[in-house]
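K.L.:
First to last, the protein sequences are chains Z and W.
Numbered continuously in the working numbering, the first sequence closes out at residue 320.
Numbered continuously in the working numbering, the second sequence closes out at residue 320.
No wet-lab data here; the hints were simulated from the structure.
Be a bit skeptical, because a hint or two may be false.
Given that identical chains are not distinguished, each listed pair holds provided it fits within a single copy or across any two copies.
[To be verified] Keeping only pairs whose Cα atoms sit at most 25 Å apart, straight-line, the calculated PhoX-like set for lysine-lysine is:
no.	residue 1	residue 2
1	K307	K166
2	K64	K110
3	K110	K317
4	K317	K49
5	K78	K64
6	K286	K142
7	K25	K307
8	K64	K25
9	K166	K277
10	K110	K277
11	K85	K64
12	K317	K150
13	K202	K286
14	K25	K49
15	K317	K286
16	K85	K305
17	K64	K49
18	K142	K166
19	K64	K277
20	K257	K64
21	K305	K257
22	K150	K25
23	K78	K307
24	K317	K305
25	K98	K317
26	K277	K202
As the structure is a computational prediction, the values presented were derived from the model and not from experiment.
Number of protein chains: 2
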Amino acid sequence: MKIFLDCIPCFVRQALDAARLSTNDKQIHEQVVREVIILAKDLDMSQSPPVMGQKIHRLIRKLVGTEDPYRDVKKQFNNASLRLYSKMRNYITDSGDMLETAIRLAIAGNIIDFGVNSKLQESELEKTISECLAAEFSDMQLKPFRRAINEAEEILFIADNAGEIIFDRLLIEQLPIEKVTVVVKGSPVINDATMEDAVVAGLPQIVEVIDNGSDGPGTILETCSEVFVDRFEKADLVIAKGQGNYETLSDVNKNIFFVLKAKCPVIAQDLGCEVGEMIFRKSKIFRNAVDLVKEAE
Amino acid sequence: MKIFLDCIPCFVRQALDAARLSTNDKQIHEQVVREVIILAKDLDMSQSPPVMGQKIHRLIRKLVGTEDPYRDVKKQFNNASLRLYSKMRNYITDSGDMLETAIRLAIAGNIIDFGVNSKLQESELEKTISECLAAEFSDMQLKPFRRAINEAEEILFIADNAGEIIFDRLLIEQLPIEKVTVVVKGSPVINDATMEDAVVAGLPQIVEVIDNGSDGPGTILETCSEVFVDRFEKADLVIAKGQGNYETLSDVNKNIFFVLKAKCPVIAQDLGCEVGEMIFRKSKIFRNAVDLVKEAE
């Protein structure tokens, strides 16, 4: 997905929100805004929005002089999500369709996105869980998803945020975990999950976890490590969580299922949905094994 | 009121909204955004926000090549407000305190602000009227206001927007109209009222109406005509409608009553109120005749 004109004021607002969350120094707030404007002046609109996000958050970390301004909120939402874990697991066990319920909960967890909302309160988690369990949700994609996870030999699950990764664990537990590798960010950016958060979620005990070598708030393949890109290319199914991974991977030629809550009007427009809607959708070029065999013939 | 950092992304968003309302040409939308970013790069934060607004809307008019991109919405909201006029007048006549009810309605009319909301629908007018008639409203300022309009010899009523000026007429009718001069903009900017709109409201039949010689979305004294500035200096009471006039006059050493709906978080912060609140408030330095006599002694 490319940068929309609407993203430009949003970059500046996000940068200011992030600067305020990172420091009380008003001079730094102003410096961040001024430098983001300079970045925006020469913006290449053909990039995906997280390319700009990566630059903005590098700038904030440099100006604030801290490696991870979101450390505290990541911890807070990891803890809050862990407290909800057993309850959510029961929702899944008690449901008619465990996979569907796990997908709904993984989407609910995507509310923990400090790029979109830097003022998120813990109290919104349970509300979002209830909403996502009750909301209308097309099961049209569930059958192809079941088939894809059965057919795939290597599944990459690209996680999104801290806290959310605990919701993701519930979905990962419903997958054929012997085939699953979970991917986290190489280093901190916004509240995106890194290896530390995967460990808090207990993921390394049940699946392989790797990092993508990047500090991009999405999967900007050009800035990822060779090791990750190699795994990405080899995987025959990718499950990509959240807006940043949708923005950066929606035009990539790969079998991907996108799992997210559409939280911004531009992404909702790109997806053809309403803001707030639950998204569980194949990439445009998705081809299953039967298609591939046909193409080879 | 000075520019807050939060105003900067808002300038860009407003410019994009205004460009979209003015033309369907996407190249112009992008050009507007890019040029507003260049303006923002060298922004003098000690100015009031409408100084930037004036530059932005000059730019849009130049790029779109039209003198008044808001002509249609101004007509639309003049007509919609005229249709509500008799009904609103009855609300005033039937009320316990006619002046208070007229102030409430004048504040309701301030919802017609395309700088803040370029997607305003006519249907929101009646809803806002009902809300403003019912809302909690401190009458603490009513007594000093009654006294000020009685004591004053020359009252300037600085109008804000088209459509809204018909709501304003209801308040003007409750004032000692022989002392009142209504002020409109010198030329079009956003949906601000010009002489044409004052005529639609039938104001020249009941009071003197002058223009301020400026295309600033507020009262930027440095860009107003000498004639207006002279009248402004001579007036012993100013009634200033709307956000733009608050932003540009809040630090001016003058007896002013501000009458507006606080529609943006930054103005609400400056006023110490909540977004959406009805504001009817004296300027900080307001001095009535008794104070002036005391000072002279």
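K.L.:
Hint by hint, say whether it matches the structure.
P.N.:
A quick look at each hint next to the structure:
{"no.": "1", "hint": "K307 - K166", "verdict": "within (17 Å within a copy, 67 Å between copies)"}
{"no.": "2", "hint": "K64 - K110", "verdict": "neither (48 Å within a copy, 50 Å between copies)"}
{"no.": "3", "hint": "K110 - K317", "verdict": "neither (45 Å within a copy, 71 Å between copies)"}
{"no.": "4", "hint": "K317 - K49", "verdict": "neither (61 Å within a copy, 42 Å between copies)"}
{"no.": "5", "hint": "K78 - K64", "verdict": "both (13 Å within a copy, 18 Å between copies)"}
{"no.": "6", "hint": "K286 - K142", "verdict": "both (14 Å within a copy, 20 Å between copies)"}
{"no.": "7", "hint": "K25 - K307", "verdict": "within (15 Å within a copy, 48 Å between copies)"}
{"no.": "8", "hint": "K64 - K25", "verdict": "both (17 Å within a copy, 24 Å between copies)"}
{"no.": "9", "hint": "K166 - K277", "verdict": "within (19 Å within a copy, 71 Å between copies)"}
{"no.": "10", "hint": "K110 - K277", "verdict": "neither (35 Å within a copy, 62 Å between copies)"}
{"no.": "11", "hint": "K85 - K64", "verdict": "both (20 Å within a copy, 20 Å between copies)"}
{"no.": "12", "hint": "K317 - K150", "verdict": "neither (46 Å within a copy, 60 Å between copies)"}
{"no.": "13", "hint": "K202 - K286", "verdict": "neither (30 Å within a copy, 53 Å between copies)"}
{"no.": "14", "hint": "K25 - K49", "verdict": "between (32 Å within a copy, 15 Å between copies)"}
{"no.": "15", "hint": "K317 - K286", "verdict": "neither (38 Å within a copy, 59 Å between copies)"}
{"no.": "16", "hint": "K85 - K305", "verdict": "neither (37 Å within a copy, 45 Å between copies)"}
{"no.": "17", "hint": "K64 - K49", "verdict": "both (23 Å within a copy, 18 Å between copies)"}
{"no.": "18", "hint": "K142 - K166", "verdict": "neither (37 Å within a copy, 41 Å between copies)"}
{"no.": "19", "hint": "K64 - K277", "verdict": "neither (33 Å within a copy, 40 Å between copies)"}
{"no.": "20", "hint": "K257 - K64", "verdict": "neither (38 Å within a copy, 45 Å between copies)"}
{"no.": "21", "hint": "K305 - K257", "verdict": "within (18 Å within a copy, 69 Å between copies)"}
{"no.": "22", "hint": "K150 - K25", "verdict": "neither (32 Å within a copy, 39 Å between copies)"}
{"no.": "23", "hint": "K78 - K307", "verdict": "neither (28 Å within a copy, 43 Å between copies)"}
{"no.": "24", "hint": "K317 - K305", "verdict": "within (19 Å within a copy, 77 Å between copies)"}
{"no.": "25", "hint": "K98 - K317", "verdict": "neither (48 Å within a copy, 61 Å between copies)"}
{"no.": "26", "hint": "K277 - K202", "verdict": "within (17 Å within a copy, 74 Å between copies)"}
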